[in-house]
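Chains as they are written, first to last, in our numbering: chain F, 1 to 596; chain X, 1 to 174.
Simulated from the structure, these hints should not be mistaken for lab results.
Computed from the model, here is a short list of chain F residues facing chain X with C-beta under 7 Å: (1) C52; (2) F202; (3) G279.
Ideal Cβ placement from N, Cα and C applies to all residues, glycine included.
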Amino acid sequence: MGTSGHRYKVVLGYGTCGIAAGATGVRDALEEAEKAGGYDMDFDIAGCMGYCFIEPVVEVFDSEGGSVIYGDMTAKKVAQLLDEHIKSGKVIEDWVVRKSDQPEAGEGDFLANQHRVVLRNCGKINPESIEEYIEIGGYEAAKKALATMSPDEVIEEVSAAGIRGRGGAGFPTGTKWGFARKSPGDIKYLICNADEGDPGAFMDRSVLEGDPHTVIEGMILAGYAIGARQGYIYCRAEYPLALKRLDIALEECHRRGFLGEGIFGSDWDFDIRIKKGAGAFVCGEETAMMASIEGKRGMPNPRPPFPANQGLWGKPTNINNVETLAAIPWIIANGGAEYAKTGTEKSKGTKVFCLAGKVRRSGLAEVPMGYTLRQVIFDVGGGVQAGKEFKAVQMGGPSGGCLPAALLDTLVDYDAIIATGAIMGSGGMIVADDRTCMVDLARYFLSFTQEESCGKCTPCRIGTKRMLEILERICEGRGEPDDIDKLDELAADIKAASLCALGGTAPNPVLTTLKYFRNEYEDHILNHKCTAGVCPALITLHIDPETCIGCGACVKVCPTEAITGEKKQPHVIDVEACIRCKMCLSRCPEDSIIAE
Amino acid sequence: MAQECSCDARFAETSDLGPLDDIIERYGREKGALIPLLQETQDAYGYLDEAVMRELARRAGYQLSQLYGVATFFAQFRLKPIGEYLIKVCHGTACHVAGATQITDEIANQLDIKEGDTTPDGRFTLESVMCLGACSLSPIMLVGEDTHGRLKPTGIKKILKQYAGDSGSSKEEE
Ligand SMILES: Cc1cc2nc3c(=O)[nH]c(=O)nc-3n(C[C@H](O)[C@H](O)[C@H](O)COP(=O)(O)O)c2cc1C
Ligand code: FES
Chain F
1 MGTSGHRYKV VLGYGTCGIA AGATGVRDAL EEAEKAGGYD MDFDIAGCMG
51 YCFIEPVVEV FDSEGGSVIY GDMTAKKVAQ LLDEHIKSGK VIEDWVVRKS
101 DQPEAGEGDF LANQHRVVLR NCGKINPESI EEYIEIGGYE AAKKALATMS
151 PDEVIEEVSA AGIRGRGGAG FPTGTKWGFA RKSPGDIKYL ICNADEGDPG
201 AFMDRSVLEG DPHTVIEGMI LAGYAIGARQ GYIYCRAEYP LALKRLDIAL
251 EECHRRGFLG EGIFGSDWDF DIRIKKGAGA FVCGEETAMM ASIEGKRGMP
301 NPRPPFPANQ GLWGKPTNIN NVETLAAIPW IIANGGAEYA KTGTEKSKGT
351 KVFCLAGKVR RSGLAEVPMG YTLRQVIFDV GGGVQAGKEF KAVQMGGPSG
401 GCLPAALLDT LVDYDAIIAT GAIMGSGGMI VADDRTCMVD LARYFLSFTQ
451 EESCGKCTPC RIGTKRMLEI LERICEGRGE PDDIDKLDEL AADIKAASLC
501 ALGGTAPNPV LTTLKYFRNE YEDHILNHKC TAGVCPALIT LHIDPETCIG
551 CGACVKVCPT EAITGEKKQP HVIDVEACIR CKMCLSRCPE DSIIAE
Chain X
1 MAQECSCDAR FAETSDLGPL DDIIERYGRE KGALIPLLQE TQDAYGYLDE
51 AVMRELARRA GYQLSQLYGV ATFFAQFRLK PIGEYLIKVC HGTACHVAGA
101 TQITDEIANQ LDIKEGDTTP DGRFTLESVM CLGACSLSPI MLVGEDTHGR
151 LKPTGIKKIL KQYAGDSGSS KEEE
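Sequences and hints are given; from them, build the entire structure.
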């Protein structure tokens, strides 16, 4: 990273999560200082560096290429940063997240244990500047391919890399491109799937916000390979910043002749348009997505015909996920064989996971295939938050499953994960602790899929509704002894008979929790207990007299006046009057209220 | 509601069909542009009003049922007006696990409305949304364009106050 002739370059992670944590104030303060002058520094923004657990994050580069990352920045702390680090060259040790000369110290192992290919530029370059992307070698792969490679050679390289689709199903990308290339027709389409509907996954957003040109370059390569002259990016409307940065990037590409007619001076035409989603999870499914681009209700269609033969407006179409496309420029630049050096026999390269939930270091974790889940969650993620115990990791969102501690040594590998009953999915990883109820989590996912079911096929529309009703009554303490068998039976039918993978995978969260956490279902149904303290009908709330300080905060919020006590004396909850709304729980400054 | 509120000039009056000219000019003839047509219309009016939809269908050459078919399929489209500030509480997985239900409950309680409703003064509308993609700051919500992360039920009142102006939507007790 150059410092543009200055002693330092200060880079602020400015993605959605950074902004939500207050990065705008930090940016304003740094911009003001830059304008005021007197500091030997250049200031720039970048996308998310992945340190979501300690946002806002600032990285200070020196002219020798070394860097220090500071976390938990605020506008107030900027003055001290400028005074001590920029003026006096003194590192503020207390704030350090990572130092390039001690990359593994402190929180540094979060990054040290990663292997970044897809995220290679995220947090390093300004995503709103095509110049910065070009400076680090951007668009060289596209230029090289258009000038020196045939479309078939591009496909061969991608096949040699062994990369499989990162959108969830893991279909080999080179093979898919081969189908679309061979499919007869002059007009073909390429779609970048940026719908990212899995709640808990945010890697596609981070890539689009942090490095949009990589995705565009990947699309240029894919379009050239399959013979598509028109590309679409279908991006969900909930990602305004990604949409804005894509707009800027596309405009800059048009201006430079990287998109449009005769791109890069070749005789190949390729253009990209953005299609904004309208809030339907099922539109992440490829046939539903195409219906939606055509301006119809976003309902899936049976396959075959496959998109490669009859896709958008009946023309051959290829659909790839953002993360898949973002890896392509690297593969063309470095060679498929180089990419295939990382990973397992059948899962090559790297996968980006989004760590969230009760994990200590939430954020973006790109790891080689073949890591164990334990390595991802503990070595990169730093394990479970203080004082909590690992219970499960939910992978793959509503189509995925919950895996217990005993399966932490499962490899990050499509086939190894499928063998557990979960799926690799898009890469959301939600860590659950002993305060997470597995039955409630299964109910949550079913209510999601049931709501998002488009209603076209009966097994999904009605089957998920029946499963949800059963789960709801179990959570409400009205579970019946044969409910578990009913769930099993319904799950099998829905999986077998649904039109698309939404229904086909909807039972997975229930099946995996039944498989690995059956005792919790039994506790709910037979013993009327929710040991995690989550399901209101199955818990009692009481106050720990040892720790209660008698502040009365709980009394104020209790809607049924169930809490009584003298000031400064331990309070008590009248179990009969308590409606277990848990309002008091979050009010207690001492965590003295216990739900069991 | 929104269009009656004098403090709120963000949206066009539904009696003013002027904004449609520009929208149809841009998307009217494009193949498959029904969704952007509706998105732009909603951006202009804040919601999809029936009279506006009828006019849109007539001028852009769609059946009204086509418009409603699409508008009712996608979660983004609203057939009712919204308040000045749309509160979207994330109920994605990470936020659910981190207690999004309590956040929605607290807001509903503070504003004295149910999810999906608008306060009588037209100030706030409360909605649930799916993952906003900032899971590491869960639980999280949007108030208008502003993101608020790492929420606690205890902090809700203070946040709402920033937007309540002096009309006092949120309860003034305690
Ligand atoms: C209900 C449903 C939702 C999906 N959502 C997404 C999504 O949000 N993003 C995505 O890339 N793929 C999603 N997919 C997978 C796509 O259908 C498709 O397989 C993928 O985009 C292909 O790209 P890839 O080969 O690069 O993985 C979804 C599938 C289903 C059944
Ligand atoms: S689950 Fe709420 S932001 Fe992702």
